[in-house]
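Q: Given the coordinates of chain A, assemble chain B onto it according to the supplied hints.
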Amino acid sequence: MAPHISAFTLTVVILLGGVPFAAADDASLGKDLKATIALQGMTCDQLVESKRNGDSDYTASCKDGNRYHIYVNAQGRVIVQKL
Amino acid sequence: MHRLAIAGFLLVLSVSGCAWMKGTATSEGRRDAQVPVAPNSAPQTTPPPASTPPTPVATPPSPASTLPTEAGSSTDNGSERSSTPAKTSDAAPPPPPPTPPVNPASRSSSAKARSSGDTRPAKVAGAATAETRQSGSSPAPPSASSPAPAPASTPNAPPTLNLADLEQRLRETRAIGVFTKLSLKNQVDDLLNAFRELYRGPDKHPSAELRQRYDLLLLKVLTLLQDGDPPLASAISSSREAIWSILADPDKFAKI
Chain A
1 MAPHISAFTL TVVILLGGVP FAAADDASLG KDLKATIALQ GMTCDQLVES KRNGDSDYTA
61 SCKDGNRYHI YVNAQGRVIV QKL
Chain B
1001 MHRLAIAGFL LVLSVSGCAW MKGTATSEGR RDAQVPVAPN SAPQTTPPPA STPPTPVATP
1061 PSPASTLPTE AGSSTDNGSE RSSTPAKTSD AAPPPPPPTP PVNPASRSSS AKARSSGDTR
1121 PAKVAGAATA ETRQSGSSPA PPSASSPAPA PASTPNAPPT LNLADLEQRL RETRAIGVFT
1181 KLSLKNQVDD LLNAFRELYR GPDKHPSAEL RQRYDLLLLK VLTLLQDGDP PLASAISSSR
1241 EAIWSILADP DKFAKI
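So the sequences go chain by chain: A and B.
Here the first sequence is numbered in my numbering, starting from 1 and rising by one per residue.
Here the second sequence is numbered in my numbering, starting from 1001 and rising by one per residue.
Some clues are possibly wrong.
Said to hold, decoys possible - With a straight-line cut-off of 25 Å between C-alpha atoms, the simulated BS3-like cross-links for lysine-lysine are:
1) Lys1181(B) to Lys82(A)
2) Lys1185(B) to Lys1220(B)
3) Lys1220(B) to Lys1181(B)
4) Lys51(A) to Lys1185(B)
5) Lys51(A) to Lys1181(B)
Hints were generated in silico from the structure; no laboratory data involved.
In this text the structure is predicted, and so the values were computed from the model without any measurement.
Pulled out of the complex, with its shape left as it was, chain A reads as follows (with noise of 0.2 Å):
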């Protein structure tokens, strides 16, 4: 039983240590986006949802209730485009 119990805290450890990194890499991402719309000299007070489209491409949603499409184009430029 000993060792389950241990297989089974390890693996409880393993995963509330991923948490962390989860939401970091999520806080830098919106703090990016954010960052990124700011840029294109558009409003977002607060990003409260970001969804990936694919690579480089996400659509974001902020409190204020803009959406914004952002993503590279072809020629290297990042778009911000409002929904």
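A: Leaving out everything else, chain B in the frame of chain A:
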């Protein structure tokens, strides 16, 4: 005993996991030697406020005074640097003799040398100049006995500029995300294209609109960096006029 060992292992694992999460956004090492710039590129210093309380020891350190220096700390971590006590210009090592300006070719060679992992001892000298600038911007305690304090903030060495170093540090900083970096790069390229268009024409003098675009772009960069990578923000801010002097000079611009 076996459970105790497992518990100890898990504890170590958790602690190491938490330690791993400490951000080292600015842990990139400083790069190659500094290049002096034109003397007209004055540092962005602000005069000390007159209303500063005269007991700086008892007051908590201001953000400007706690700005770390490379000479004082071996790490580049901003969180660790903020705890480093600020040094005054008296404590700074004497600035090195100014080196002659290098052309872009030598700049690129220094960038190549940077990738080979050189130790770059001249960087400390650059830190000393930056430190001097920082100490100049820190509030000086006014005293009744010396109503007119001597301008100790006057930098002895010329401000330094290394475009390759700044570019590399901008590329490597973790204070700015990938999308943001790419977006900034687009805007930098747009500005450079505007200068190229200008220098193709008869009038080689940059307009005020170009200067405004440049200032705005630099402001964006500084805004993005000031929290996540204060040393880099400071370096870019102090290089503002030097970079503009390159952009505004068609000959220097052509060598970029």
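Q: Are the Cα positions of Lys51(A) and Lys1185(B) separated by 25 Å at most?
A: With Cα atoms ~24 Å apart, Lys51(A) and Lys1185(B) stay inside 25 Å; holds.
Q: Given the hint that Lys51(A) pairs with Lys1181(B), test it: the Cα-Cα distance must not exceed 25 Å.
A: holds, 20 Å
Q: Is Lys1181(B) within 25 Å of Lys82(A), Cα to Cα?
A: Holds, at about 20 Å.
Q: Are Lys1185(B) and Lys1220(B) close enough, with their CA atoms no more than 25 Å apart?
A: holds, 12 Å
Q: Between Lys1220(B) and Lys1181(B), does the CA-CA distance stay at or below 25 Å?
A: Roughly 11 Å between the alpha carbons, so the hint for Lys1220(B) and Lys1181(B) holds.
Hint check: no violations occur; every hint is consistent with the structure.
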